[in-house]
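Q: Chains E and W, in that order, are what the protein sequence lines are.
Mapping of the first sequence onto my numbering: position 160 corresponds to residue 1117, and the numbering continues sequentially without gaps.
Mapping of the second sequence onto my numbering: position 328 corresponds to residue 1285, and the numbering continues sequentially without gaps.
Keep in mind the hints are simulated off the structure, nothing from the lab.
Treat the numbers as computed from the prediction; the structure is a model and nothing was measured.
It is possible that some hints are incorrect.
Since copy identity is lost for identical chains, a pair holds within one copy or between any two.
[Stated by the list, open to error] Calculated pairs, DSS-like style, for lysine-lysine (alpha carbon to alpha carbon, straight line, at most 25 Å):
{"no.": "1", "residue 1": "Lys970", "residue 2": "Lys1015"}
{"no.": "2", "residue 1": "Lys1099", "residue 2": "Lys1020"}
{"no.": "3", "residue 1": "Lys1147", "residue 2": "Lys984"}
{"no.": "4", "residue 1": "Lys981", "residue 2": "Lys1141"}
{"no.": "5", "residue 1": "Lys1090", "residue 2": "Lys981"}
{"no.": "6", "residue 1": "Lys1141", "residue 2": "Lys1061"}
{"no.": "7", "residue 1": "Lys971", "residue 2": "Lys1015"}
{"no.": "8", "residue 1": "Lys1197", "residue 2": "Lys982"}
{"no.": "9", "residue 1": "Lys1136", "residue 2": "Lys1056"}
{"no.": "10", "residue 1": "Lys1130", "residue 2": "Lys1061"}
{"no.": "11", "residue 1": "Lys1146", "residue 2": "Lys978"}
{"no.": "12", "residue 1": "Lys1158", "residue 2": "Lys978"}
{"no.": "13", "residue 1": "Lys970", "residue 2": "Lys1056"}
{"no.": "14", "residue 1": "Lys981", "residue 2": "Lys1147"}
{"no.": "15", "residue 1": "Lys1147", "residue 2": "Lys1061"}
{"no.": "16", "residue 1": "Lys1147", "residue 2": "Lys1237"}
{"no.": "17", "residue 1": "Lys1158", "residue 2": "Lys1237"}
There are 2 protein chains.
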Amino acid sequence: MKTFENYLNAQAKKVEEGINKQLKKIKNAPQIIIDAMAYSLNAGGKRVRPFLALETAKAFDLKTNDAMAAACAIEMVHTYSLIHDDLPSMDNDDLRRGKPTNHKVFGEDLSLLAGDGLLTFAFETLAQNGSIKTVGPARTLKAVLSLANYAGVSGMVGGQVSDIFAEGLMEGKSKRAAKLTPLKYFKGKKPAYYLLPSEFKEVSAATILNYIHTNKTGALITTSVEMGALLAGVEGQNLKNIKKYAAAIGFAFQVVDDILDITATKKQLGKSNSDAENKKLTYATLFGLEASRQAAKNALADAQKALGSLKNVKAQNLTNLYAMAEFIVSRSH
Amino acid sequence: MKTFENYLNAQAKKVEEGINKQLKKIKNAPQIIIDAMAYSLNAGGKRVRPFLALETAKAFDLKTNDAMAAACAIEMVHTYSLIHDDLPSMDNDDLRRGKPTNHKVFGEDLSLLAGDGLLTFAFETLAQNGSIKTVGPARTLKAVLSLANYAGVSGMVGGQVSDIFAEGLMEGKSKRAAKLTPLKYFKGKKPAYYLLPSEFKEVSAATILNYIHTNKTGALITTSVEMGALLAGVEGQNLKNIKKYAAAIGFAFQVVDDILDITATKKQLGKSNSDAENKKLTYATLFGLEASRQAAKNALADAQKALGSLKNVKAQNLTNLYAMAEFIVSRSH
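Sequences and hints are given; from them, build the entire structure.
A: Here you go:
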C-alpha cells in the first residue's frame, strides 16, 4: 500500500502541475480572481478524481498526457463544488483541509465568482483535449457531455439539493423544507418534490440516502472514470463495466467518508465533524458503523469483479485501479 | 421597427420552447431544482443573445434548428449569471423583471445551486449540437471553447469581479477593496490587482469602465454571435468581422443599459435603478448622458460597417442583424 501511496502522490503532483499550467494561461482576468481559484485548487488533497481519469485512460492504452486536460477539469469541478458548499448560505464552513475556506479569505462575492469561474474553466480546459490527435473532437465532446451530465442537476448538484433537504430527516422532518412550506409557492408540496426525482416511486430514508450518495459524491467519480474511458475510445460492454467499477468505488468513497466523520478526529480530517453535529442523514447515522463497514467491503468486491470482467485489457494496466479501490476502502482520513 | 419587434418576439417564443423542451428531458433530478431553474428561465426578456446566435448562424446559411442548442445554452448562461448576481452576497436584489428574484422564492442555497445547475446544463445542451449532421463535433467543440472562454474569468466573470471593486470608485475609493485591505493576504495589493488584468498598463476610470463593459455584458454577446458563426463553419476574415459586429453591439447594449438606468422609471425597467443609487461606475455616470448617447450611435455605425465588410454572404440574410443593432441602440427599456 505504501508503494501505491507514493505513486498516488507522484500523480497528484503531476495533476497539480497541469492545473497550474492551465491557470498561467489565463488572460484578460483580474489577478484576484485567478488567485481565489488557485487558493482552493492548491489546498491539497489526494486528487483521487484526476487519478481515476488518468488511470482509466491508461488502462485502455491512452497516455497520461493525452487525458491530462480531463484530469485537471474534473479537479476544477470538484474544487468549485467545495467552494460553493462551504459558503454561508450552504454548509457555512470556516475550515477546509485545515485552512480557512475560500470565502473566509476572499469574501462571499468573490468566492461565489471563483466557483463559477472554476466550473466554466473546467469546460474550457476539457475542450482542449480535442486538439490532441489521439483523442480528437468527437471523443472530447462525449467527455464534455459526461462531465456536464454528472456534475449538474442529474448528478452532483441534484445530490446536493437532496442532501440539503435531508437535514433533520433523522428527527422526522426536513428542516429546510419546513422553512419553505409557509411560502405560497410550496403549499401542498410533498417531500418527494424536494428529496427525490419524480421517477422514484418509493420515498424512504434509505432511498433518499442512496440517491444522495450516488449523486453528491458518486457522480463525479463516475464521470472521472467515464471521461478517461471515452477519451481512450472505449464503448459497449467495456464502458458499462468500467462504469460499474466507478459506481462501486464512488459508493465506497462516500460510505467511508460517513464513517470517518464519526470516528476520525478533527485534526485528521482538517475540518469539523459537521455531519455528526448536524445529525445529517448518512450511511453511518442511518445503518450504524458496523453495517457501513460491511457495505464498503461489499462495494470493494463489486469493484474488483467489474475490473475482472473487462475484455482485451492488459492485466498490468489495471493494477492501479485495483489498488485505488482498496485504498478508498482502507483510508483513515 | 414594429415588424422587427414582432419577429424578435416570435423568435423568442421559439427559443423558450427550445429551452422548455430541454428542461423536460432532465432525468434523475429533484423537481424543486428543475422548477428553480425554470422559474428564472421563464421570467421573460427579449432573448437577445439566442436571437444573435440563431441569426448569425442563418446569415452563414445554417438553419435555425441546427443552432437552437447553442441559442438555448447562451440563454441558460445569461440566466445563471442573473440568478447569482441577484444573491444577497452580490447585488442583493429583490426584483428582476418585476418578479421576485430566484432566491426570494427558493432561498439562497437553492438559488446558488440553480445557477450552478444552469451553467452546467448550458454546456450539456450545447454539446448536443454535435449530433446534428450539418454541424458535427469539431465545430461544436469550438463553440464550447468560445462559450467557456467568454463566460468565464477571461470574460463575463472577470467583468463582474471588476464591477464589484469599481463600486465607490466615483467617490475616489473602492468600497469592496477597503473591506479586503485590513486582511493579511491583501496587504500592499494595488488597485490593478482587483480591477484590471495584469496585462493592462494603465489604470484609469475609463480603462476600468471599458474592461467592465467589454466583459460583463459584451462577452456573452460576442460568444452568442461567435457560436452561431462557428457552428456554421465560419473562419478567417469573416469570423473576425462578425466578431467586430458583436463587439460593437455589445458595447452599445451596455451603454444604453447605463443610460436607461438613469432615465427610465422603475416600472419600465422592472427592477430598481440600483446603479444610480449605488453611484456605480457606468458610462452614464462617468461621461454623462450626452456623450453616452453619442457613443452608442458610433457603435451602431461600427456594427453596420462590420456587417458591410462580410464576404460571400447574401444581403437578405443580414437584414435581421442590421435591425438588431438599431433595436439595441433605440430601445427604451
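Q: Against each hint, give a clear statement of whether it holds in the structure.
A: Evaluated hints:
no. : hint                : in the structure
1   : Lys970 <-> Lys1015  : within (17 Å within a copy, 47 Å between copies)
2   : Lys1099 <-> Lys1020 : both (18 Å within a copy, 24 Å between copies)
3   : Lys1147 <-> Lys984  : between (48 Å within a copy, 19 Å between copies)
4   : Lys981 <-> Lys1141  : between (49 Å within a copy, 24 Å between copies)
5   : Lys1090 <-> Lys981  : within (23 Å within a copy, 36 Å between copies)
6   : Lys1141 <-> Lys1061 : between (35 Å within a copy, 12 Å between copies)
7   : Lys971 <-> Lys1015  : within (15 Å within a copy, 45 Å between copies)
8   : Lys1197 <-> Lys982  : between (36 Å within a copy, 22 Å between copies)
9   : Lys1136 <-> Lys1056 : between (32 Å within a copy, 21 Å between copies)
10  : Lys1130 <-> Lys1061 : between (31 Å within a copy, 23 Å between copies)
11  : Lys1146 <-> Lys978  : between (48 Å within a copy, 24 Å between copies)
12  : Lys1158 <-> Lys978  : between (47 Å within a copy, 24 Å between copies)
13  : Lys970 <-> Lys1056  : within (19 Å within a copy, 49 Å between copies)
14  : Lys981 <-> Lys1147  : between (48 Å within a copy, 20 Å between copies)
15  : Lys1147 <-> Lys1061 : between (36 Å within a copy, 21 Å between copies)
16  : Lys1147 <-> Lys1237 : within (20 Å within a copy, 44 Å between copies)
17  : Lys1158 <-> Lys1237 : within (23 Å within a copy, 51 Å between copies)
Going through the hint list in order, the structure satisfies each hint without exception.
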